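Student: Protein chains in written order, with my numbering: chain G, 1 to 97; chain W, 98 to 596.
These are calculated hints, taken from the structure and not from any lab test.
In this text, all values refer to a predicted model and were calculated from it rather than measured experimentally.
Ideal Cβ positions, reconstructed from N, Cα and C, are used throughout, including at glycine.
Just so you know, not all the hints are guaranteed correct.
[Stated by the list, open to error] Straight-line Cα separation of at most 30 Å, DSSO-like style, residue types lysine-lysine; simulated pairs:
hint, chain 1, residue 1, chain 2, residue 2
1, G, K10, W, K585
2, G, K5, W, K200
3, G, K5, W, K363
4, W, K200, W, K363
[To be verified] Stretches of chain W that chain G covers, calculated by requiring three or more beta carbons in the stretch to come under 8 Å of a beta carbon on chain G:
hint, stretch
5, 189-197
6, 312-324
7, 337-343
8, 358-364
9, 373-379
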Amino acid sequence: MGQTKSPWAKAAFVLAFALLTSLCWCPWAYGTLTGRVLWVPTWAVVAYAVAAALFVLEWVFLFRSGLAVGDEELAGIVSELTAAAGDAAPAKEGGRC
Amino acid sequence: MLEIAIITAICLASVLVSYAAFRRGAARSADDYFVAGSSLGYLVLIFSLLASFVSAFAMFGISGMAYRLGFGALFVLTVNLIPLGFLWYFLHRKTLLIGRARKWMSMGAPFGDRYGATMRAIIPVVVLVASIPYLVAQVQGIGIMIETMSGQRVSYEVGLFFAPAFVALYLILGGMRGAAWVNTVQGIFFTVMVFVLFFAVMNENGGFGPTMDLVHEKHPELFLLAAQGGKAWSYPMIFGLASAMCLGCVCFPQPYMHAYSSRTAKGFKVMIFAFGAICVVIISMTTMVGIAGRLLAPGLKGLEADRVFGLSAAKTLPNWAAALAVAGAFTAAMTTVISVVFGNASNLANDLYKLVRPQADTKELVRLGRFCIAGIVAACVLIAWIPNLPVADLAIIAFGIMAVTIFPLWGAYYWRRATRHGAIAATLAGVAMNLVFLVWGLATGTGMLLAPQPCLLHLNGFLVSFLAAGLVFFGVSLATRPGPTERKSLALFFHRSLG
Chain G
1 MGQTKSPWAK AAFVLAFALL TSLCWCPWAY GTLTGRVLWV PTWAVVAYAV AAALFVLEWV
61 FLFRSGLAVG DEELAGIVSE LTAAAGDAAP AKEGGRC
Chain W
98 MLEIAIITAI CLASVLVSYA AFRRGAARSA DDYFVAGSSL GYLVLIFSLL ASFVSAFAMF
158 GISGMAYRLG FGALFVLTVN LIPLGFLWYF LHRKTLLIGR ARKWMSMGAP FGDRYGATMR
218 AIIPVVVLVA SIPYLVAQVQ GIGIMIETMS GQRVSYEVGL FFAPAFVALY LILGGMRGAA
278 WVNTVQGIFF TVMVFVLFFA VMNENGGFGP TMDLVHEKHP ELFLLAAQGG KAWSYPMIFG
338 LASAMCLGCV CFPQPYMHAY SSRTAKGFKV MIFAFGAICV VIISMTTMVG IAGRLLAPGL
398 KGLEADRVFG LSAAKTLPNW AAALAVAGAF TAAMTTVISV VFGNASNLAN DLYKLVRPQA
458 DTKELVRLGR FCIAGIVAAC VLIAWIPNLP VADLAIIAFG IMAVTIFPLW GAYYWRRATR
518 HGAIAATLAG VAMNLVFLVW GLATGTGMLL APQPCLLHLN GFLVSFLAAG LVFFGVSLAT
578 RPGPTERKSL ALFFHRSLG
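Chain G with its partners taken away, still in its complex shape (with noise of 0.2 Å):
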């Protein structure tokens, strides 16, 4: 279950993915790159790659790390928040503070 998975390699990959995500959302280590590769501009070549870097880490995290929820603790999960619901069903109002 979550509690068992490693919290250092969780981390490790959430930094990878933000630097890699900073990376697809704005060119700042490479929109000056001039000049065109595959008669695309150079930084769009360069921005697809770091895409495809992200979308492999992205993989290896969610089916290769055990550190995403798989199908084998799906209903063990479930059964337990549903027991857990039971008792947690929120209050009529948000109540005061």
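With the hints as your guide, set chain W onto chain G.
Tutor: Just chain W, lined up with the frame of chain G:
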């Protein structure tokens, strides 16, 4: 009129597929109608999610934007969406797990369980506000397409009524199960047609390389970012649009509904993983079609640029094939209307109406959902009557507004100290600021919500609103104490089994 006949035939086929799903036993209860009984498989999940997002924006909007502004459009709906694979996982893992346990059926349900009834009631209103420009973009795109493909024999105004009539019909007949299957068929169809159009357009000038060489020769500015001396695509502009679109994707109702609909954890992961990659492939092609459109349909200005997709098809394919290519884009717009209208109807019925009438039964909720669908579609046609903004701008505005709910969502799942006061204040402040910047930008012609402004530290209105919403969320949450609902919800939202 062959083109219009083909489009009409494809719409009718959509209705028949949906009705067939209905006849097979779907949509017999509210659970089936709204989330397909949590039983959708991989293929249906992926393509229905794809079809529900890929829209008039991805087809006409992005090709029109690329036509006007060049390769920078790749940061609006292609490479910037790859982070969705992990963002969606982290922000909707608990939506999948707790949603299954609590049998959530609407986007407001997690907010209601975590923050109480007020937040649950606010969410459907926020979603509706954000959905309107997005839906108007679809309806407007469909109207433009009908007018373009009919050689202006069918007016734009008449075209506005075309798709909404079909959408309302098959939603009322089929519900979510029907819509999901129809989305799948349409998703595959428009993917194939985008490939066909891309190769036809590039073949017109001897292939991809020669086409790009010609565009580069005539319009080198389309290949430049602001950092290289281009007129558009400064870093703040790129970051503002890229983050608005990606974060907005996380916060729109579709991810919630599809998380509830996932049959397995693997199906959920495959869906969120594949979505961004498929978008990159398909929408890169529509972007390139828009750029190559500078050669095929020169001289389109402003809103006219949204016609480049249809005009490129008409100039490079035989009439029947052009009609099929455009019909692919048309169905993409239609499926988005279906999904967004459906999500709103579900939210209004389950989150808002049930607060007023907790004793409402299944029949009553489904009936109300149908009325909501008809009302929302009618309102969008009315607003689209006089188009003010390009399709792309309308869609980005919608996603930007929706993105401000990411803080309450994150807080619900990952921050024990989050309070309903913080969630409510952040949502209202973020949405209000977006609307103020939108109206201000329209009134002054500055496009304040999307274009970076010197008076906003060279950020665009969306980013300022987004950052303000985050500050309000953390500030107000820390300044107030969690009430009984928030404290009680911790047992479920931070249950040890969730890791």
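Student: Taking the hints in turn, state whether each one holds.
Tutor: Comparing the hints with the structure gives:
1. Distance check on the hinted pair: G:K10 and W:K585 sit about 28 Å apart at the alpha-carbon level, within 30 Å; holds.
2. Straight-line distance between C-alpha atoms of G:K5 and W:K200 comes to about 27 Å, which keeps the hinted pair within the 30 Å bound.
3. A distance of roughly 18 Å separates the Cα atoms of G:K5 and W:K363; the hinted pair therefore holds under the 30 Å criterion.
4. In summary, the hint linking W:K200 to W:K363 is supported, as the alpha carbons are separated by about 19 Å, within the 30 Å threshold.
5. Counting residues of the stretch 189-197 of chain W whose CB lies closer than 8 Å to any CB of chain G gives 5, so the stated coverage by that chain holds, three being the minimum.
6. Taking a C-beta to C-beta cut-off of 8 Å, the stretch 312-324 of chain W contributes 5 residues in contact with chain G, enough for the three needed, and the coverage statement holds.
7. Given a C-beta distance limit of less than 8 Å, the hint that chain G covers the stretch 337-343 of chain W holds, as 3 residues qualify and 3 suffice.
8. Judged by the Cβ-Cβ criterion of 8 Å, the stretch 358-364 of chain W is covered by chain G as claimed, because 3 of its residues qualify and three suffice.
9. Residues of the stretch 373-379 of chain W with a Cβ under 8 Å from some Cβ of chain G number 3, which satisfies the need for three, so the listed coverage holds.
When held up to the earlier numbered hints, the structure conflicts with none and fits them all.
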